[in-house]
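Now for the letters of each chain:
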Amino acid sequence: MKYVAKKVIGAIITLLVVSLLVFLAFAIIPGDPALSRLGTNATESALAAMRERMGLNKPIPVRYLLWLAGIFKGDLGTSYAYEMPVTALIADKMPITITLMIYSLILMLIISVPLGVYASYKEKTAIDRAIQIINQIIMALPPFFSGILITLVFGVGLKFFVPGGFVSIGVNPVRFFKFMFFPALAIALPKSAMILNLLYTSLNGEKKKDYVRTAYSRGNTSNAVFFGHMLKNASMPAITFIGMALADIVAGSIIIEQVFGIPGLGRILLTSIQNRDYPVVLAVIMLIALMVVVTNLAVDVIYKIVDPRIE
Amino acid sequence: MRKFGKKLLVMLLVSTLAIALCGCAGDKVGDSLITIGIPQDLDDSLDPHVAEGAGTREVLFNVFEGLVKPDSNGDLIPAVASAYNINEDGTVYTFKLREGVKFHNGATVTVQDVKASLDKCAGTGSGEPLVAAFSDVKEINIVDDSTIEVVLNSSNTDFLPNMTAAILPADHLDASTELIGTGPYKYVSRSPQENIVLQAFDDYWGEKAKIKDVVFKIIPNGDTYVMNLEGGSIDMMARLSTTQAAQLSDNFDIYEGTMNLVQGLYLNNKVEPFNDPKVRQALNYAVDVQEIMDFVSDGKGTETGSSMFPAFGKYYMPELNDTYTKDVEKAKQLLSEAGYPNGFEFTITVPSNYQQHIDTAQVLKEQFKEIGVTANINLIEWDSWLSDVYMGRNFESTVIGLDASTLSARAMLERFTSDSGKNFTNYSNAEYDKTYAAAVASTDDDIQTQNYKKCEQILAEDAANVYIQDLPNMVAVNKKFGGYEFYPLYVMDISKMYIK
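Protein chains in written order, with our numbering: chain A, 1354 to 1664; chain B, 129 to 628.
Don't read these hints as lab results, they were simulated from the structure.
Hints are not guaranteed to be accurate.
[To be verified] Dumping the calculated EDC-like pairs for lysine to aspartate or glutamate here, alpha-carbon to alpha-carbon at most 16 angstroms:
1) Lys550(B) / Glu1397(A)
2) Lys1561(A) / Glu1476(A)
3) Lys460(B) / Glu498(B)
4) Lys1512(A) / Glu358(B)
Bound-form chain A, shown alone (with noise of 0.2 angstroms):
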């Protein structure tokens, strides 16, 4: 329990961390809100209307202050360049990043376990080999350069789907899963592969063990010694690696998002930092920031509960 307490406390102070860098930010990066907003038609008295309006009259240490203040009240300031509130902005714009990340840790886990365990299983045959060497290179693909390769090949090539045709859940249900399915896999693939090696590795570590030996020598089959035993002590490292693969899967969405032109919270961020939109900014990267925190936190406590002796 203290230990867990230790971790939620430290998640905070990270979190903490992270808003007052993101305000200092603002401060230091050139360019105006309040001139972005007016344009080309901006006038000095303007400008100071359009700043009080926006807030920005306000030292940085007092509008932090208020923003913290906001958030116990759960209001995140309203978007400078939509003028709606920031929480209905991100309402709209978190199911299709949250469906994103979803769908690719799906595939993630389709992909990647039963090759990983044929390979295994198949160890030193020539279709072995053949998932070695494709696995290798996919590892090493950046996502946005899988997703590049992928639009290419499955858009502009077999025409499977229109690159940048994103249709909303609420339109078409049956085309935004189906245009949704070639980012997550541009997401999916370099992780899968990772996996896919880490299973691997394991399974064919844990054969040489002398359970196994001694699982055979009980009378078992190979197929109850595989998936009664092996497969569940030489999961636990994948599982681990999941868990991290999850706070990459955020950052790798926000890439992926611009390279399929997505209308999700990585497409807001962007162009809300375009447009010195802060409170939109800061809203998404604090909720980008929780979600790795959270997984980071849930990852150290399952730590716990599989393996009490850690401290």
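Following the hints, position chain B against chain A.
Frame of chain A, contents of chain B only:
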């Protein structure tokens, strides 16, 4: 064992394919829906009185109307007003309200709504006019239930274009989130960075829109325009490059027009060496506009010799295009006279989101090399361009296109008067200021036109900037649809479009 492996492999393949192919079914689109691609979200205000971005005005044109509105010839036709009258010295504009014009919320437009909307633009009460052109408005008076007059401080016969300012309901004047106008389309919804949805307004006073639903879809990646069009996720896209237009199949009609702006190398007239007219003229002599058009848009485009584009009709002076023809020797001589026999080095600042401007800057750089002038190109974000170049006036030169918010010559010429807030090039010429003032004050159309033309001539001869061209505008429309019309302004009129 072998069996198991096969099963596993089959399962894997089937599950992957199932997800990949689910929903390969054809995409049936409702009969009266058009999806139009736009390159960026409307991220300035949606309030029609505040919206500055050309991309925003282009969409809002379908939702809001003023007392008058421009037609595709650039003439102003009565809209919310049914008739208007301008007194002889151009100080009182009287409008007769059209009967039974409805707002999108069902309410009928009253003189109070009109007064409230115009008061908002003029800033009556608060002092500061919201729309700069309204600074000359003295008062707005309700004459009777269907008549309203706008009184100006000084005579101005060219004020009517400003009466295109949107009429909003008096109780919904802050239109930034709730868009209620009188136009042929009403606003339905928006999803940031995704789309803006409009729907035909059944109670529109004029000719009703023929296509019921309009979706403006935001496609930030220029490389996917063609794929989106061919893949059917959009039906129409404006401002394609000539290369993109050439890639499209026979399923699309390509409409060729102009963007209605003056692209130029705008010089900060306050910094050395651009404070010397000889240097500015030398740069003009170094430039071959045709070469730029060949490189940027396959030779398409319309040359402009001053701050006026052809859609302005009587104000446009094609003869000014010949003020400077490429002459390297002459340019070098002018540079020597100005004290730069060995040329000089300067920076062209270009907003990185406009490929045509970047391409143009690259050609300019090569052309200036011939007269011994070294140009360095500095790409910056649009936001930094606004703050550093436009507002801060902290730059040497920039390639940009300047457009007109209304079809008044003032919109193109006011920005070069010495004390204009929009004079980011710091151009200052007493004769220009005098001529411009005379044009504005004149009540005689001929004299006014003459003076505006003289302004253009001064800009050309004094080489205020290097004026280049009005860029070509290629609009691709799926052959299912017809009726697209170009306007001399930066707008997209969907209400005239129909399904073939």
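Hints versus structure:
| no. | hint | in the structure |
| --- | --- | --- |
| 1 | Lys550(B) / Glu1397(A) | holds (12 angstroms) |
| 2 | Lys1561(A) / Glu1476(A) | holds (13 angstroms) |
| 3 | Lys460(B) / Glu498(B) | holds (9 angstroms) |
| 4 | Lys1512(A) / Glu358(B) | holds (11 angstroms) |
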